[in-house]
Amino acid sequence: MRVRRDSYALFLLPGVLAFLAVVIVPFLMNTGVSLTDWQGVGSPKWSGLANYRELLHDSEFWASFRHSLFMVVAMAVLPTALGLVLAAALFDYIGKHFGTRIAAVLRACFYLPQVLPVAVAGIVWSWILAPDNGSLNALLKAVGLGSWQQDWLGDPDLALYTVMGVLVWVQLGFPLVVFMAGLGRVDPQLYEAAELDGAGWWRRFRHITLPQIRPEVYVVLTWCTIAALKVFGAVYVLTKGGPGGATDVPSYFSFTTFFEKTQVGYGSAISTVLTVIILALAVLGLKLQNRAEAV
Amino acid sequence: MTRPTALRRYPVLLALCLAALFMVVPFLIVAVNAVKSPAEYSQHGPLSLPHGLYLDGLKDFWQRVDFTRKLVNSTLISGSVALLATVLSVLNAYAIGIGRIRGRTWVLAFFVLANMLPQEALVYPLYYLSKQAGLYDTRLSVIIVFTVIQSAFGTYLLSAVLGQFPREIIEAARIDGANKWQILVRIVVPVSRPTLGVLLVFFFIWTWNEFLLPLVMLISNDNQTVSVALGVLQGQRLMDATMTNAAALLGVLPAIVFFLVFQRTLTRGIAVGAVK
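Chains as they are written, first to last, in this note's numbering: chain Z, 137 to 431; chain U, 968 to 1243.
With the rest of the complex left out, here is chain Z (with noise of 0.2 Å):
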């Protein structure tokens, strides 16, 4: 029986090889080059721990990790907060009183940015966001704002806030359509005996639509957190983590430090502290799901 359960295995054998040379063997190597010196070219020199060490005195690294706390802002717990509530009147307000077809066309709506990639969402919105000409701006001087016209991704102050809302306005989508399916599996009878109690739409939301959808909260934020900290594309295409460095993120920094400054040693380094980070979150995120999904 044994062996006959155990020959499942070969079907593992292509995808864990695969797995080894893609992904087990570069991570790896990462690791280890960030305890060495080198250019990319050579051989590189051992160093011990010296790039983490010079890290914790590195204030752009520093800088790189605060802004990722702004990401996560933006990307994880705006969205979610927003999702919750546009997915709550969405599924339990207009779907009940103005149909379910009207609610689909909607969601679709904030869903759209969602499939865009992140690199033509960046161009969308520096050509909206443009200090001159651009369709913001003009739109303030139309309706007799002309004084707030800014320098949305140029300016050191505002340039990390504007990051911050395009990222909401591309991630709202998922937690919204992830929320509409958890709340598709709650029992109508819940929320009927709620309304017929006199419960308002707020006491529905707190005491029926939170609870019921735990499970699907949680994963949503981990997936999000995630995906904030490990967000490249829009700085890339947005900002390139200026002006002065006002919106460097993590995974920019280390792409400049491999690939523009050549100090692939240290920005191994970076991305291994990076890693860590987002494991450690992964697990975390994991462990509060599975224990959301027991209750």
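Hints listed in this document are in silico derivations from the structure and should not be mistaken for laboratory results. What you are looking at is a predicted structure, and each value in this text was computed from that prediction instead of being measured. Glycine residues also receive a C-beta, built at the ideal position from the N, C-alpha and C atoms. Treat the hints with care, as some may be off.
A few chain Z residues that face chain U, going by a derived Cβ cut-off under 10 Å, partial list only [stated by the list, open to error]:
#1 Ile-160
#2 Leu-164
#3 Phe-246
Model the placement of chain U on the given structure of chain Z, informed by the hints.
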């Protein structure tokens, strides 16, 4: 029963419609401006309606970046990855979900964590190794890398789905003398077709949208994908307003097409993926 009155209902609908409009407006402005001539744009700004259909800007841009080539590259890469990654996911998930091999929990955990690894931690070694292997700046290198990366998610999702596969069907086929390979191809794959469809669509769109690894691996114009070509142009800050606009529209159009074609699969798939 307290039922909200119509007076209270419509403001909610209106607010949600406005929010939805805000999500779609960027697409509309891009579309409107892509058909304006540069003179019209500089005279009336981005908010006016176009006076006619001016397509030379789009045509110029198309030829200048050889957009046909980029579309072919993106389609070739994303299509191959979708197909190969689905095959790889099926093989892995067959061993884990139906074969229930020993240590499957660990194997699955391994795939999940591999799926979460940031590409930043792989990009330099992949760049270096592909140079050593003579695959640098080839579409094949990107196809190989993304087949593996996407199949991590596919394995995770499909293992859960195949774990629920009705055992009686497999037992019946085995009694009829089918071997493992025949059971996989003739029974498991046809029955799981809806989930496999979701995976194909997801892998295709995700790969189409990828940026970092293709940016590093595909440097020559002839091999670049749509995303990379447009992103690099934008990054160089060499485009004027009308060119940027043409770039934006040409980048948006394929995404809208996928969205319209795959909308149902997408929303159904996200639900499956999140709950499993």
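A quick look at each hint next to the structure:
1. Here the hint on Z/Ile-160 is kept, as its CB sits about 8 Å from the closest CB of chain U, short of 10 Å.
2. Look at Z/Leu-164: its Cβ gets to within about 8 Å of chain U, closer than 10 Å, so that hint holds up.
3. Checking Z/Phe-246 against chain U by beta carbon gives a least distance of about 5 Å; that is within 10 Å, so the hint holds.
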